[in-house]
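Chemist: Please work from the sequences and hints to get the whole structure.
Under mature numbering (1 follows the signal peptide of the UniProt record, and there is no 0), read the sequence shown as residues -22 to -1, 1 to 217, first letter to last.
Honestly, the hints are just simulated from the structure, not real lab data.
Heads up, a few of these hints could be off.
[Claimed, not checked] Below, simulated PhoX-like cross-link-like pairs (lysine-lysine); rule was C-alpha separation at most 25 angstroms, straight line:
| # | residue 1 | residue 2 |
| --- | --- | --- |
| 1 | K97 | K81 |
| 2 | K148 | K75 |
| 3 | K217 | K172 |
| 4 | K46 | K128 |
| 5 | K22 | K75 |
| 6 | K198 | K148 |
Keep in mind the model is a prediction, meaning the values are calculated, not measured.
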Amino acid sequence: MRKTITLTFTCLLLFVSIQLQAQTDVYDALLKTYVSPEGDVDYKGLRKNRALLDIYIKHLENTIPSDKWSSNEAKAFWINAYNAYTIKLILDSYPLKKITDIKRKGRNAWKIPFATVGKKMYSLDYIEHKILRRWYDDPRIHVALNAASKSGPRFVNFAFTKNNIEKELKKLIKDFINDPTKNNITLTKIEVSKIFQWYQEDFTSRNTLVDYINKYSNVKANDNAEIVYLEYNWNLNSK
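Modeler: Listed below in structure tokens is the structure:
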């Protein structure tokens, strides 16, 4: 009897895993169709054909993240959820020039409770700060989340999965730090995105900011290099 129950539970987990992958493939197809390799989003095109997004949102609404999931699987799920709901928020408010223009009942875009996951409603802030930052202790999440802005990290045109997330986060943070349109690193001066100022405690929890930058930068700055935070362009990351 115990063997039968164990086998049934294993089959159930396998079924759930297959279902999750199928839904992630839907979201992946959406991103490959409407997000350029440079990270620009075709919001106009998405507004005309929201079917794929609606399918994935329905999946999020009915999926309860399990404590049986691996850390990578859960991290990928919540990043995808944050990014998909950011797209939805912009489409629901389109046309607009900046995500910062969105206001509902006195709340800005990040504080609006509208993102439903597993029958529970969240704000983007809650997903980022109370789930991703709190439970996964990985500053690289800040280059994976869709900031919906020109100065933000490149928005990826693929879905994160438990199998690709480690490799892709490593690539994304390296690409972002070495992107001359977002950061400029020299021996004596580091001009970096305000992301490194806003989330400084994440990037400096184990080392200095210079140490963190040098870990991924092609140019290694001096320990006493001057740090300057660049102006942030909130214009929409649209085509």
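Chemist: Determine for every hint whether it applies to the structure shown.
Modeler: So, going through the hints one by one against the coordinates:
At most 25 angstroms may separate the alpha-carbon atoms for a hinted pair to count; K97 and K81 meet this at roughly 24 angstroms. For the hint linking K148 to K75, the alpha-carbon distance of about 31 angstroms lies beyond 25 angstroms, and the restraint is violated. Proximity of K217 to K172 is assessed by CA-CA distance (about 23 angstroms); at most 25 angstroms being required, the pair is judged to hold. At most 25 angstroms may separate the alpha-carbon atoms for a hinted pair to count; K46 and K128 exceed this at roughly 37 angstroms.
Taking the CA atoms of K22 and K75, the gap is near 13 angstroms; set against the 25 angstroms cutoff, the hint holds. For the hint pairing K198 with K148, the CA-to-CA distance comes to about 18 angstroms; that is within 25 angstroms, so the pair holds.
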